[in-house]
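Student: Given next are the chains, with one letter for each unit.
6 protein chains.
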Amino acid sequence: MSEVNASNPIQYTIKNEPFYQPVGDEVELYESAYATKMPVMLKGPTGCGKSRFVEYMAWKLGKPLITVACNEDMTASDLVGRFLIDINGTRWQDGPLTVAARIGAICYLDEVVEARQDTTIVIHPLTDHRRVLPLDKKGELVEAHPDFQLVISYNPGYQSMMKDLKQSTKQRFGGFKFDYPKAEIEAEIIAKEAGIELSIAEKLVQIAQRSRNLKGHGLDEGISTRLLVYAGQLIAKGVPAKQACRVALVTPLTDDVDIWDTLMTAVDTFFE
Amino acid sequence: MSEVNASNPIQYTIKNEPFYQPVGDEVELYESAYATKMPVMLKGPTGCGKSRFVEYMAWKLGKPLITVACNEDMTASDLVGRFLIDINGTRWQDGPLTVAARIGAICYLDEVVEARQDTTIVIHPLTDHRRVLPLDKKGELVEAHPDFQLVISYNPGYQSMMKDLKQSTKQRFGGFKFDYPKAEIEAEIIAKEAGIELSIAEKLVQIAQRSRNLKGHGLDEGISTRLLVYAGQLIAKGVPAKQACRVALVTPLTDDVDIWDTLMTAVDTFFE
Amino acid sequence: MSEVNASNPIQYTIKNEPFYQPVGDEVELYESAYATKMPVMLKGPTGCGKSRFVEYMAWKLGKPLITVACNEDMTASDLVGRFLIDINGTRWQDGPLTVAARIGAICYLDEVVEARQDTTIVIHPLTDHRRVLPLDKKGELVEAHPDFQLVISYNPGYQSMMKDLKQSTKQRFGGFKFDYPKAEIEAEIIAKEAGIELSIAEKLVQIAQRSRNLKGHGLDEGISTRLLVYAGQLIAKGVPAKQACRVALVTPLTDDVDIWDTLMTAVDTFFE
Amino acid sequence: MSEVNASNPIQYTIKNEPFYQPVGDEVELYESAYATKMPVMLKGPTGCGKSRFVEYMAWKLGKPLITVACNEDMTASDLVGRFLIDINGTRWQDGPLTVAARIGAICYLDEVVEARQDTTIVIHPLTDHRRVLPLDKKGELVEAHPDFQLVISYNPGYQSMMKDLKQSTKQRFGGFKFDYPKAEIEAEIIAKEAGIELSIAEKLVQIAQRSRNLKGHGLDEGISTRLLVYAGQLIAKGVPAKQACRVALVTPLTDDVDIWDTLMTAVDTFFE
Amino acid sequence: MSEVNASNPIQYTIKNEPFYQPVGDEVELYESAYATKMPVMLKGPTGCGKSRFVEYMAWKLGKPLITVACNEDMTASDLVGRFLIDINGTRWQDGPLTVAARIGAICYLDEVVEARQDTTIVIHPLTDHRRVLPLDKKGELVEAHPDFQLVISYNPGYQSMMKDLKQSTKQRFGGFKFDYPKAEIEAEIIAKEAGIELSIAEKLVQIAQRSRNLKGHGLDEGISTRLLVYAGQLIAKGVPAKQACRVALVTPLTDDVDIWDTLMTAVDTFFE
Amino acid sequence: MSEVNASNPIQYTIKNEPFYQPVGDEVELYESAYATKMPVMLKGPTGCGKSRFVEYMAWKLGKPLITVACNEDMTASDLVGRFLIDINGTRWQDGPLTVAARIGAICYLDEVVEARQDTTIVIHPLTDHRRVLPLDKKGELVEAHPDFQLVISYNPGYQSMMKDLKQSTKQRFGGFKFDYPKAEIEAEIIAKEAGIELSIAEKLVQIAQRSRNLKGHGLDEGISTRLLVYAGQLIAKGVPAKQACRVALVTPLTDDVDIWDTLMTAVDTFFE
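Protein chains in written order, with my numbering: chain A, 373 to 644; chain B, 373 to 644; chain C, 373 to 644; chain D, 373 to 644; chain E, 373 to 644; chain F, 373 to 644.
Here chain A stands alone, though its shape is the one from the complex (with noise of 0.2 Å):
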């Protein structure tokens, strides 16, 4: 058991430099964002990358990362921090969101659109010119560390009427669009991350492209990176190509008989 001190900024760094093939401009224009400290939002769908990206850049720019997987039962306390109760009474407790304020770490809310609005409220003081959070139950307003950033994703599919940021939430951020890689950036990610050879990385990322044209007729979403993979992984461990995708990439995704055959079809297409 590693019980470490929260303010000690050298756990959340990144110790080795994370595997991120930029697919733009994205890496020049967040170090732009980051020497401002805009607040940045990332949105694209399930897996394309936007957690690694941000691990990235944490890395390259040498200030350390906390991650906060939002919920729907997330409250505000879960982020700022709330009162334990000790043997001298009650004694305070700083959250992530505090604790990155004071550090000076980056701090990554994933899948923010999830949490509920007090979640998303209490961030407002640190994404405008106050740049502060004010811990209203200890009675402490936090000024933030000038290395201190906001980075919040959320993937736009899943967003509706009833579970969206609010405007007054959302112009407190600059923004940047994520899609999967291009096919053959996606492929040499797969074989490098799951060590197998390009030419079967390739067939993977052939499936997976049908598979996101179906998005909408009949699948929420098209097969992500990591599946694929997951599939590679597979297919390293030794596993026949059709039943690795069978796992991997088929069965996850549907419950729907027909669905299921047609994506199988796609994979007998290039594994028989």
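None of these hints come from the bench; they were simulated from the model. Among the clues, some could well be false.
The list treats identical chains as interchangeable, and a pair is accepted whether it falls inside one copy or across any two copies.
Stated by the list, open to error - Heads up, simulated EDC-like pairs for lysine to aspartate or glutamate below, C-alpha to C-alpha not over 20 Å straight-line:
no., residue 1, residue 2
1, 554, 565
2, 538, 444
3, 432, 398
4, 609, 398
Please arrange chains B, C, D, E and F on chain A, whose structure you already have, making use of the hints.
Tutor: Below, chains B, C, D, E and F alone, put in the same frame as chain A:
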């Protein structure tokens, strides 16, 4: 009362080989998935042997198994852990997922689709390249033990628009499809588990198959292997087969008088 | 005040033979079910004797009985147990289900369909081959005592699409169907319990039967055996039969003036 | 401040005979019901004297009375009791139902249909042959004192599909129907309680009867006996009858201008 | 900080005569109602002086006044009291209603229709012949001080099918109807409170009357007396009347551009 | 960590003059409103400078400012204060509204319409002639400091039937309408805040104006002044204007591909 140290892996070890009859290549495929520590999703109808399969694989791989039956009132804290009030103030207690991540167990979240979203989101960082579990409330980042693997099950028949896994969760798992075993295998299982003659077990399986054809036509699910074992056990205790079927196969399945009669007629065909 | 040690089985023992009039083979069937420790589900209308039957069987088998009346606000903790704050910090207190599993009692969950899902899911590991109860909050895995058995009741007339047991719960139980006793038996029960003449009891049963025919035609349920005993008890105290029927059989059943008149007319037919 | 020991029956005793004017055989019938300790349900419109009747019967029988006004936020713990944190850890405190069961009081749950289901389910074991109250959280089984009786009230006019007692609750009670008293009796009650002449009281009753005919035609309820007493009291203080009726009978009843005028016209008929 | 002993009536005494301009016989009627301690309900639109009237009557009668602004998240405990954790364990703290009942104050529940039902039910035993407040959680029965009176207010314009007082609550109160004061009286009030000339106050009242005619035709409520005083105060500070009306009368009332223009046109008619 | 004594007004003082460009008579009007301590409501679209205006006025008036970002999970206790458990039992901690009332600060409730009703009701007694804040849970009545003023903001575009201020709340405030600044002023603001040439700032403003015309035609809000400053800051860091506009103006605003193209075309018109 056998109170135990939660971090002691011994207690979670499967001591005796569970009876499991493979129906395809699922055992070898699972071994490959485990070798890459790929998170695994088991899909299939009620009582077809998903839980038994995980238990068997944990025994075969010699790994501890921690099972959590999910439900709609379960919170992320139920999985991850919480602070308890102690004589010295608050004391942290690991939840089952945290224990599994620390000791390198297979963690099996049964019927995960029943759980609230925060429960499913909490597993995200454990199911990508990071393999970490942030205990936000404690300010600790648990790195998963190299032997740790996450397995979830769900029943596609149950899932509705309101209650389904998010794509960003689904696309973190390799998928295994399960169904009831083939007739001969199912009969063998029942004969062995209930201690009855194979000929009687075969009749029970035939009754079950008739009920399974009624799925969607008045029945939500067909008779499960588990109920067949119950019927067999009553017969082994000397209960006449017809009464045993009434108690174990028909009455639990339906409140509809007509369906009840239809099923009892099927019973009459095999046992009079 | 008779405060007791919760783990002391004596207090849950049925001291005197409950009056139970069998209506078929249910006693022998239950004995076989208990011999295999099969979980049992009792189905039937309000006040037809399900609770009495369990009590009788517990007495006959010489096993302690722990009854829990389920309701929609009951939580899993109400069944399993919880931490209480004590002078030495938190202290765990077993819930009724845990006590039953430890001491080998029959645990009877009355009207289980009323309970929230977490309450019904919590019984799953106790109702399959594992026969364990994981106390996740405490980090303890309770192995059920060999004498432990789980019994649930529910009234099929109540269940709706919104409130029904899940198939994965239903298929863990053998089922016993109950109905009101046959007229002669019911009259005997009433005569004995209320201390009135059999001829009066028979008239009461006939009134009840008329009301039971109105089920679905203005009444949600017919007059139960319990209400007949009430009417008998008032008669035994000297209340004229007509008034006794008005108070005990008619007024509790309906707020509809027409149905009330219909039922009073039925009363007038037998008692003037 | 008269802080008392909750288990001391004296404080719940009705010291002075409440004024109660019987309207039929309800007093004798109740005595018989009490003799068998049959749980009793009082039905009738707002302010017609149900609460007064219970008080009167408690006084007549010489038994302590514990009244609980039910509401939709009341929990089972509010009735049964709860643990309080004390210098020595947690301390159990009996709720009003538990106190009543221990000391042998009549426990009157006013407007029980307003309560949540767990509140009504909790009374089940007290209302059948067991006459026990399981304090699940404490692990204690309270056997009801021989003098204990449960009485509930509800207003059939309020009950809707969403908010009604379950049949399995209703069929645990003998029922008493109440209505407004007959004109002569009602006038006597008002004259006595308000200290006004009978002739004025009779006029007030006639106004009330007109309003009661408007029930379902613009009014949810007619003017209750209680409001008539209010009007009488204002008159006794020298307020002109018309103003007294406006304040006490008309304004509280309706926000509709037309209905208000209709009722004031009725007032003008009797008092100008 | 003027921390006070909650049971000290002095702090709740109205020290200076509040300015109140009677509009009819309401002062005398209230005195009679208070003489019988009849619970009183004040009905009328926003800002027409209901709260001021209670304050005035409390001052006139020389009784302490405890005001509670009701809201939909208020619980019965907020009114009645609760246990607080203290160095010696739990300590009971009276809520405002309990304090009022003990010290004999007038307790004014402002906008009671906003409160949850448990809040309104809790006042029942204080509003009938019993005049008691059961502190169920504490096991104490508070008998109301002879001077205690309960007053509630509500705005009939707000009430809907979903949010209305129950008849069984309404029929516990005498009712007083309020409306905006007559033009001359309202102008006098404004001139006096804002310190402006009567001629200007009269113009403000005329603007308000135009807005009140728009109620139900684009406005939920007309301009209240309170807003007229605001406009007068700005004028007294030297703000031109037109701007003062824009800020105090028009902008707060509506977000609709057309209605806003209509109202500003009305302003232009009187002030250019 | 700059932990401070919550009651110390210094920390809430605005040290440096915030940059604020008046657009009309709002500064003088506000000074008059503050002179009478009239509660003030600021209305206007997202990011048009409402918060900046309050900050500026607080600085100009030399009063401390306490800002609270409201949200739908905020409770009255979050504003007013709560009891915390301490070594000596419970200790009261003032919330931001109470602190403001005690020290005579301007209390700014940002986006108050998001808050739950109890949060808005709690401000009522502070916004009429009483100017008090009852701490019901503590039994204290805080009289507001003579310098205390309450300011709320809300965005009329957001408000719906379900989420609007009650009339009884609205009619407690004078109202100030805000909109985006005029083109020349807005360009000046951007040039100054981002450190770019005025000619570029003017182009940015023109892009924003096109987007504001799309409000209600595919966009919920136009581009705010804040986003224009973001774009300017990126340009000042050397990012080409087109990319800066894509990141700061277009991507945050919309997920719709067509609207996105429309906006990028507008960008192309000014920067190629």
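Student: Work down the list of hints and note, for each, if the structure agrees.
Tutor: Results of checking the hints against the structure:
For the homomeric pair residue 554 and residue 565, the shortest alpha-carbon distance inside one copy (16 Å) is at most 20 Å, but the shortest distance between copies (38 Å) is not. In the homo-oligomer, the alpha carbons of residue 538 and residue 444 lie at most 20 Å apart both inside one protomer (15 Å) and across protomers (12 Å), since each shortest distance falls under that limit. Taking identical chains as interchangeable, the C-alpha atoms of residue 432 and residue 398 lie at most 20 Å apart only when both belong to the same chain, with a minimum of 13 Å there against 42 Å between chains. For a Cα distance limit of 20 Å, the shortest separation of residue 609 from residue 398 across copies, 15 Å, qualifies, whereas the shortest one inside one copy, 34 Å, does not.
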